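Those protein sequence lines, which keep their order, are chains A and B.
Reading the first sequence from the start, the letters are residues 44 to 263 in this note's numbering.
Reading the second sequence from the start, the letters are residues 40 to 308 in this note's numbering.
Simulated from the structure, these hints should not be mistaken for lab results.
Every value quoted in this text rests on a predicted model; they were computed, and no experiment measured them.
Note that CB positions come from ideal geometry on N, CA and C, so glycine has one too.
Among the hints, erroneous ones may be present.
FRET-style restraints, in silico, Cβ to Cβ [to be verified]: (1) A:Gly199 <-> B:Phe289: 33 to 39 Å; (2) A:Gly249 <-> B:Lys305: 51 to 57 Å; (3) A:Glu111 <-> B:Met121: 50 to 56 Å.
Pairs of lysine to aspartate or glutamate, EDC-like flavour, derived with a Cα cap of 20 Å [stated by the list, open to error]: (4) A:Lys47 <-> A:Glu57; (5) B:Lys56 <-> A:Glu229; (6) A:Lys236 <-> B:Glu75.
Given next are the chains, with one letter for each unit.
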Amino acid sequence: MERKVVIPGETICEGEDYLPGENTEKKEGKIVSLRYGLSEDQNGLIKVIPLSGVYSPRRGNVVIGKVENMNQNGWIVEINSAESAFLSVNEVPRYVNKDAMEEVFKIGDIVIAKIWSIGKRGIDLSLNGNDLGKINDGIIFKVNPNKVPRIIGKEGSMIKIIKENTKCDVSVGQNGFVLIEGENIESEVFAKKAINFVTENSFVSGLTEELTKWFGENKQ
Amino acid sequence: MVDKILTTFEPTGNRIKEYLKMGKRFDERGPLDFREITVEKDISNKAEGSVRVKIGKTEVIVGVKLGVSEPYPDSPNKGNLMVTAEMLPLSSPRFEPGPPRFESIELGRVTDRGLRESGFIDLEKLCIKEGEKVWTVFVDIYSINDDGNLMDASTLGSIIALKIAKMPVYDEKEKKVMYGEENGEIPLTKNLPIAVSVHKVGDSFIVDPSREEEDLSECRVTIANHNGTISSLQKSNSKELEIIEMKKVFEISNEVSKKLLKEVEKYIN
């Protein structure tokens, strides 16, 4: 089945061969979309990748946020979701002097962190993992969080093309913030343009080829 | 979309400043280039003159309305001018509903001062009966999208809206304004007040900032000039300027306003 744009309530397909996945439900033998987005078939599992809406945090997501406040036990980080997230001192893989916590992160700092649990108390962040921590350099900008899967591509194919062509390090936070770090500012701005191209054309099928073509036309 | 993080991030800001030092901007403009300006005329049915001005993604609607009222005691033979600006919450996550904030009062005031002090509207011709009845010109500015530089967009919009506005007829016997009927244009002079805001970002001077650049702006000087004469000047934000820098600001605004004037003339003739 081909990818197509669906709206809430639209029947994606019929029959017993299909199972409802993310953002879909089964109604009288039909798979119906619950969101506005792109429908996708993964071996009989029908999914919808939403094209609009707010960011809903999930366990395991890597997010980029801003330190808004701190207390005795850690930092409160704003990640543009309904609830703000908490980064505990215990989840920072280094020694933290509790009397001088601003030496690690101060208010206004930008951090890249991972969501390790979502509970009744809120979202908990962790810095245990590769490439997590404070961001000192680079361009950070916002994209629609629903377009993040498109920027990353299938198994990271899209982001790989961008990285290879611009020689920049690109980190995509699931909450819609993108960090680009490169050798010089020109290449960073070029990478930003490439990502904007992807977000603007996120509804196009075969976007990886389109992007390769775009890189052919727009050289640095 | 809910956006809680409103300011531009510090690392991004440093990059923008570094890039500006090389004379380049993120959107490939030069420091003294404006984004594309588009103007749509007569978008409102009820207003005497209305425009939608877009500078890049920034969008404002300006409407001109005329009414009859009493003159102010200090100017019995002059019409009234009232400029109000509203920054609608729909245009940016930064704007909240409620009483006007500093920014929106400033926006209205600066636009008002440019129009008033340049003598763009011939207020004496708007007098119906001295000391008793005069026309009041209402200029209403609404922001639709804020992507930086609402200030210049609203001045631009109000000039064009005033230029295309039609005067309604005032019926002396009935003491009523006949809105359906047209009676020529609003009496205007040739003093077009073109406003240019010059921003200081880091050590560089730019015009027409995007949202990110406006966040970084340390100092803004809005200068409206008509035919090369300065009609109004407003300095905002906390940073100070040296005398040499101020001279540079004057030069920049003079130069850019000439380019802007050409853009405006496309729509008013």
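Results for each hint:
no. : hint                              : verdict
1   : A:Gly199 <-> B:Phe289: 33 to 39 Å : violated, 52 Å
2   : A:Gly249 <-> B:Lys305: 51 to 57 Å : violated, 41 Å
3   : A:Glu111 <-> B:Met121: 50 to 56 Å : violated, 41 Å
4   : A:Lys47 <-> A:Glu57               : holds, 15 Å
5   : B:Lys56 <-> A:Glu229              : holds, 13 Å
6   : A:Lys236 <-> B:Glu75              : holds, 18 Å
Violated hints for the displayed structure, listed by number in ascending order: 1, 2 and 3.
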